[in-house]
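Undergrad: Chains as they are written, first to last, in this note's numbering: chain A, 600 to 765; chain B, 42 to 155.
Rather than coming from a laboratory, the hints here were simulated on the basis of the structure.
One thing to keep in mind: the hints can contain errors.
Stated by the list, open to error - Reference listing, derived: stretches of chain B covered by chain A, where coverage requires no fewer than 3 residues with Cβ under 8 Å from a Cβ of chain A: (1) 119–129; (2) 141–148.
What the hints assert, rightly or not - Example chain B residues on the side facing chain A (calculated, C-beta under 7 Å, incomplete): (3) Arg74; (4) Pro100; (5) Leu132; (6) Phe135.
Since the model is a prediction, treat every value here as computed from it, not as a measurement.
We treat Cβ as the ideally placed atom computed from N, Cα and C, and that holds for glycine.
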Amino acid sequence: MSSDTHPPVVIERRYRAPLAEVWALWTTREGFESWWGPEGFRVEVHTIEPRPGGRLDYDMIADTPEMQAAMREMGWSTSHATHGRFAEIRPMTWLVLVHQIDFIPGVETYESRIDVALSAEGDTTRMVVTLHPHRDPLWTARSAEGFASQLGKLDRRYAAAPLSAG
Amino acid sequence: MQMHPFETLADPTRRRIVEALRDGERQVNDIVRAAGIHQSGVSRHLRILHEAGFVSVRPEGPRRLYALRPEPFRELDGWLAGYRRLWEARLDRFGAALADRLENRASTLKDPDP
Chain A
600 MSSDTHPPVV IERRYRAPLA EVWALWTTRE GFESWWGPEG FRVEVHTIEP RPGGRLDYDM
660 IADTPEMQAA MREMGWSTSH ATHGRFAEIR PMTWLVLVHQ IDFIPGVETY ESRIDVALSA
720 EGDTTRMVVT LHPHRDPLWT ARSAEGFASQ LGKLDRRYAA APLSAG
Chain B
42 MQMHPFETLA DPTRRRIVEA LRDGERQVND IVRAAGIHQS GVSRHLRILH EAGFVSVRPE
102 GPRRLYALRP EPFRELDGWL AGYRRLWEAR LDRFGAALAD RLENRASTLK DPDP
């Protein structure tokens with residue numbers, strides 16, 4: 600399912616939390632709104648239907664003056680209606696979230712895919728997220744540049760290593 | 042103008058040429074056959090790949106042999122590492138949201154003294 604040139608990126612995390620709570624962050628309105636989106640954005644969920652083929656519709660909203668300015672600079676709206684669907688879903692175990700990438704000027708709509716596998720292990724939950732990078736690598740690169748300006752905040756918040764993008 | 046490595050590979054024909062060269066150097070006719078593309082476009086795309094540093098070319102008698110160069114792929118690897126870090130950061134947000142959620146849950150469910 601990945602593009603011709605990109606292998607998928609796989610990230611594994613383990614949380615000291617019940618599986619149902621981790622699942623809820625992907626499949627409920629308040630759960631999804633509590634974390635989704637890059638730094639500098641928030642989302643407002645309109646429809647979230649965690650069943651096979653169910654819709655996921657939300658607004659992605661630039662949430663800080665810096666991000667709003669950055670979006671305007673790139674000629675983009677500060678809020679975008681975003682559409683996805685749960686292409687596959689097995690409760691508490693597995694979901695495939697497919698997003699429609701329809702906001703790039705001059706680029707035909709295409710889909711990007713995220714796989715999420717969950718399992719309970721003792722009192723922890725293991726989560727494996729498989730990311731299939733955007734099909735158009737140029738867009739992916741631009742998207743990363745868009746995000747990069749916000750990473751200083753993340754560094755402060757999570758003491759992460761600074762990103763040397765680009 | 043120098044093309045970004047991603048821009049170079051954004052073209053599906055050039056990706057097929059790169060795939061065709063993955064197992065080693067080839068001459069144009071072999072690339073045409075392996076990539077399943079028309080001869081007329083191949084020269085142009087090979088030139089672009091060469092100028093972008095993806096492909097080296099050396100003469101061998103009357104033939105020209107094309108091969109991949111590692112440098113732009115290292116750059117792409119580096120970019121993918123950055124992409125991974127972005128997602129690591131997003132999942133840090135996930136972890137923080139999860140912790141908040143559990144904390145709220147605990148304070149909501151906290152029993153009064155028995």
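Undergrad: Please go over all the hints and tell whether each is borne out by the structure.
TA: Status of each hint after checking the structure:
For a cut-off of 8 Å, the count of residues in the stretch 119–129 of chain B with a CB near a CB of chain A stands at 9, and the three-residue condition holds. With 4 residues having a Cβ less than 8 Å from any Cβ of chain A, the stretch 141–148 of chain B passes the three-residue criterion, so the hint holds. With a cut of 7 Å, the hint placing Arg74 (chain B) at the interface with chain A is violated, because the nearest CB-to-CB distance is about 18 Å. For Pro100 (chain B), the shortest C-beta to C-beta distance to chain A is roughly 29 Å, which exceeds 7 Å, and the interface hint is violated.
Given hint, Leu132 (chain B) at the interface with chain A, holds; its Cβ is 6 Å from that chain's nearest Cβ, closer than 7 Å. Of the supplied interface hints, the one on Phe135 (chain B) holds, with its beta-carbon coming within about 5 Å of a beta-carbon of chain A, less than 7 Å.
Hints 3 and 4, counting from the list given before, are not met by this structure.
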